[in-house]
Amino acid sequence: MAIENKSTVAYVGTDAVAEAMRQINPDVVAAYPITPQTAIVETFSTMAANGLVDTEMVNVESEHSAMSATIGASASGSRAMTCTSSQGLGLMWETLYIASGLRLPIVMPNVNRALSAPINIHCDHSDSMGARDSGWIQLFSENAQEAYDNTIQAIKIAENSNVYLPVMVLLDGFIISHAIERMELLEDNKVKDFVGEVNTPYSLLDPNNPVTVGSFDGLYGYYFEFKKQQEEAMKNSFSVIKEVGEDFGKLSGRSYEFFETEYMEDAEFGFLVLGSAAGTVRHHVKCLRENGIPAGMIKLRTYRPFPGKELVEATSHLKALAVMDRSDTFAGGMGGPVFMDLRSAYYDYDKKPLMTNYIYGLGGRDLSVELVQQATEEMQDIVRNGEVKQTVNYLGLKE
Amino acid sequence: MKWDISDIKNWSWDKHPRGAIISEPGNSEKFKTGGWRSLRPIHDQEKCVHCLTCFIFCPDSSIKVEDEKMKEIDLEFCKGCGICAEECPKDAIEMIDEMKALDEENK
Chain A
1 MAIENKSTVA YVGTDAVAEA MRQINPDVVA AYPITPQTAI VETFSTMAAN GLVDTEMVNV
61 ESEHSAMSAT IGASASGSRA MTCTSSQGLG LMWETLYIAS GLRLPIVMPN VNRALSAPIN
121 IHCDHSDSMG ARDSGWIQLF SENAQEAYDN TIQAIKIAEN SNVYLPVMVL LDGFIISHAI
181 ERMELLEDNK VKDFVGEVNT PYSLLDPNNP VTVGSFDGLY GYYFEFKKQQ EEAMKNSFSV
241 IKEVGEDFGK LSGRSYEFFE TEYMEDAEFG FLVLGSAAGT VRHHVKCLRE NGIPAGMIKL
301 RTYRPFPGKE LVEATSHLKA LAVMDRSDTF AGGMGGPVFM DLRSAYYDYD KKPLMTNYIY
361 GLGGRDLSVE LVQQATEEMQ DIVRNGEVKQ TVNYLGLKE
Chain B
1 MKWDISDIKN WSWDKHPRGA IISEPGNSEK FKTGGWRSLR PIHDQEKCVH CLTCFIFCPD
61 SSIKVEDEKM KEIDLEFCKG CGICAEECPK DAIEMIDEMK ALDEENK
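Chains as they are written, first to last, in our numbering: chain A, 1 to 399; chain B, 1 to 107.
If you are wondering where the hints come from, they were derived from the structure by calculation, not from laboratory data.
Among the clues, some could well be false.
Stated by the list, open to error - Which stretches of chain A does chain B cover? Using the computed rule of at least three CB atoms under 8 Å from a CB of chain B, they are:
no. : segment
1   : 92-103
2   : 206-214
3   : 223-229
Even glycine gets a Cβ: it sits at the ideal position worked out from N, Cα and C.
Model the full assembly from the supplied sequences, consistent with the hints where possible.
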């Protein structure tokens, strides 16, 4: 059913993403079901079967094949998408590097889920964090609305000729993917105009302009040079992500930046958080403010590229900063990935807050307001005493 | 776009095509690939009957033919697999040690 007027709907996150995909109307979708992403593929393939999209739906036998087929389709000059979760992303691992190395503007929603063992189907950022250095842009979403908005924006970011990098749209498993929310859909023609005609760098199917894709680089060795190009494209993507976020704001009234700040200007201590936990933290920070406690928060949306300089500028006035990680790095006491990145970004600056890391919510462990309050009290102690007793903390762990 | 890759060894990172895509067909002629050979085929014109079996079997199109006659082996692309020597019905191709051949050349 085509959407002609702006409509407010009650959707689960997977429907929101499938709806965005229907409006994008990609040329090819090759995907394999995996919990909790399954509902996206299911809903979208129903749409394809019912003729609501022109998409060539390729049902493959694994996620490795899903990404491979998507790479082939994208190299053929089509707008190609897939989506996955957890072990599925793990199985795509080697092909993720091929997608980014060939500079293919593939867009892939990934429903964040823990990696085995033990088997766990619930929310955790370990899957996408494992792919953080694969040369993909990563956009995190707080809710179904943002998952929808990010998916549409991702097409424009990926296909910008100064970027040409694949984009991963992240949404928290079950918390966003399977919970019903009130959200707004854009009109079909507005999305169509916004994403525009497909812009892929070349086509394998163009006999007048033959190309070789995936050439061997083992003899003279220019691999290094191509990796530098990828890093440069990642740097270029900063301004593109910003522009697309502003343009999307003009279209929808919801503009997007690298991160969102809440009460940060005059805050003494703050939280930095990704994904759905931002809602809980925001609620708590608001309550703290009502009681005159100078707390603030930052919700990080763009994790790759990492806006280190901007984050430092936004947080350097704080006395204490807590970075919340929904995954661990198992580095032996160094903390989670976001914490390590931000701490590294701070190294070149003299003015810096005392920093702590809260690893929380692994395998879907709930982040309650009580836990955020526990962290708040520890942060207040740090502000009072001017020292961090324990840098890496496990919030909500049974001890 | 016409591509000149003759100076590729000195290219800076921003000169290479995006994503390592080769956008001009046939330029592999300029990209010499014989450098990792450990055995070198030596062709004996006396024994050769120009049956062109070597031409058919060469996996790298390294057998140069002129007027339907086997002329020579293109050492800039030959990788020394030895299939030509193996298949030659007249034993007109002999595989010798590449390093020794190079030493001989440099004497």
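We went through each hint and held it up to the structure:
no.: 1; hint: 92-103; verdict: holds (count 3)
no.: 2; hint: 206-214; verdict: holds (count 6)
no.: 3; hint: 223-229; verdict: holds (count 5)
In this structure, none of the earlier numbered hints is contradicted; all agree with it.
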